[in-house]
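S.K.: Now for the letters of each chain:
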Amino acid sequence: MASSTDPATTTTRAERLAEYLERAQAGEAGAVDAIVRELNPLLWHVARSQGVPSSDVSDVVQNTWLELVARLDEIRSPQALTSWLVVTTKREAWRTNRKRQTTEPSDTLVDIVDEAPELGTDLITDERDRVLWRTFQQLSQRCRQLLRIVAMVDRPDYAVVGDALGMPHGSIGPTRGRCLAKLRALLLADPLWESS
Amino acid sequence: MNRPDGTRDPDDIEATGELDGIDELDVEILDRIAGLHGRIDGPPDDFDEEMVFAVAASELGAELARLEEQELVTARGSDERTQTMSFAATSLTILLTITDVAGNRVRVDGWLAPGAGHDVQLRSRGGAADRRTVADSAGRFVVDRVRRGLTQVVVRLGGGSLIVTPTFEL
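So the sequences go chain by chain: A and B. The first sequence stops at residue 195 when you use numbering that gives the first Met the number 0, and every number in between is there. The second sequence stops at residue 169 when you use numbering that gives the first Met the number 0, and every number in between is there.
Accuracy of the hints is not assured; some may be wrong.
Label pairs and their computed distance ranges (CB to CB) [stated by the list, open to error]:
1. 101/B x 165/A: 29 to 35 Å
2. 102/A x 43/B: 21 to 27 Å
3. 128/B x 29/A: 52 to 58 Å
4. 133/B x 162/A: 42 to 48 Å
In case anyone wonders, no lab produced these hints; they're calculated from the structure. Every residue gets a Cβ at the ideal spot worked out from N, C-alpha and C, and that includes glycine.
Using the sequences plus the hints, can you model the full thing?
M.R.: And the structure:
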């Protein structure tokens with residue numbers, strides 16, 4: 000794969016996606032695989048942030064990818080691609096969650112809000128990471144969902160992803176955004192963050 | 000994320016807020032959030048390969064048959080298990096009954112509704128054990144001694160259009 004013309008090593012993600020999208024729309028199967036590899040981790044985190052248990056994420060995300068291949072000709076730009084994938088994954092996640100709610104006893108519904116595992120901070124070795132993780136858990140669920148997803152994309156896509164998740168403008172980019180500003184303020188007020 | 004920016008259209012920069020107050024600390028915070036979630040709750044190692052396998056069966060205009068129901072029945076007093084699965088697309092329903100047979104293999108009894116003699120493929124990861132058959136005019140088909148593993152059903156309708164299920168573990 001690695002050659003001087005390999006877009007994976009020479010360009011921004013938006014440029015790579017633009018090229019993969021064009022090649023995929025021209026019928027090159029390998030280009031679809033490249034799109035999958037580029038955005039698959041993002042979709043994993045979208046599904047998890049919507050409360051899909053890890054064991055069901057494959058089902059949710061592959062529905063998204065299968066739908067994409069079927070409708071590839073409708074996608075006009077890399078931003079539209081990312082946005083479409085996030086919206087579709089969120090919809091597929093809801094569909095799965097709803098089905099689980101109707102087929103499983105109600106005491107398992109706690110899964111629905113399990114968007115990230117509870118974690119002993121002793122598993123995190125870096126001190127700054129440890130402070131960040133603890134502080135991150137103090138944010139609202141919506142802020143945690145949003146920042147988790149936004150952290151997976153490049154800056155030009157912050158607003159695109161915020162829109163796709165149905166977050167109000169101002170929750171992230173074009174300004175720093177409420178959620179990030181809150182987290183930043185909490186961290187700056189924490190002596191452990193400053194000293195590490 | 001901290002990737003090198005090429006030159007961009009100034010309108011694009013304004014629209015996406017790159018001239019905003021996001022500074023190095025914000026970038027560090029977001030990078031750490033991405034890193035932590037990736038390590039603590041990231042995708043399994045073969046997640047990419049699973050998705051790449053699934054999409055290889057699809058094509059432009061294909062229809063997704065979503066998993067609707069799944070049930071495992073174990074016969075009383077024996078080890079014999081039967082699994083039923085149903086998948087629904089707008090134009091076709093696929094019902095599968097999966098029964099254990101000798102040699103760690105399974106027999107797949109399928110029914111397509113509305114019934115017609117469509118081409119049916121059972122794709123298996125790796126491709127070595129792909130199986131093909133044609134349904135009878137009532138939409139019934141049988142594939143015996145199917146190897147266990149990640150599998151996907153692909154139905155080619157008479158008119159040429161394609162129906163694909165998600166992958167599932169046989």
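S.K.: Would you mind marking each hint as holding or not holding in the structure?
M.R.: Each hint tested on the structure:
For residue 101/B and residue 165/A, the hinted distance range of 29 to 35 Å is not satisfied, since their beta carbons lie about 52 Å from each other. Hint check: residue 102/A to residue 43/B, Cβ distance near 24 Å, so the stated range 21 to 27 Å holds. Between residue 128/B and residue 29/A the CB atoms are about 23 Å apart, so this pair departs from the stated range of 52 to 58 Å. The hinted range of 42 to 48 Å is satisfied by residue 133/B and residue 162/A, whose Cβ atoms lie roughly 47 Å apart.
Against the hints set out earlier in the document, violations occur for numbers 1, 3.
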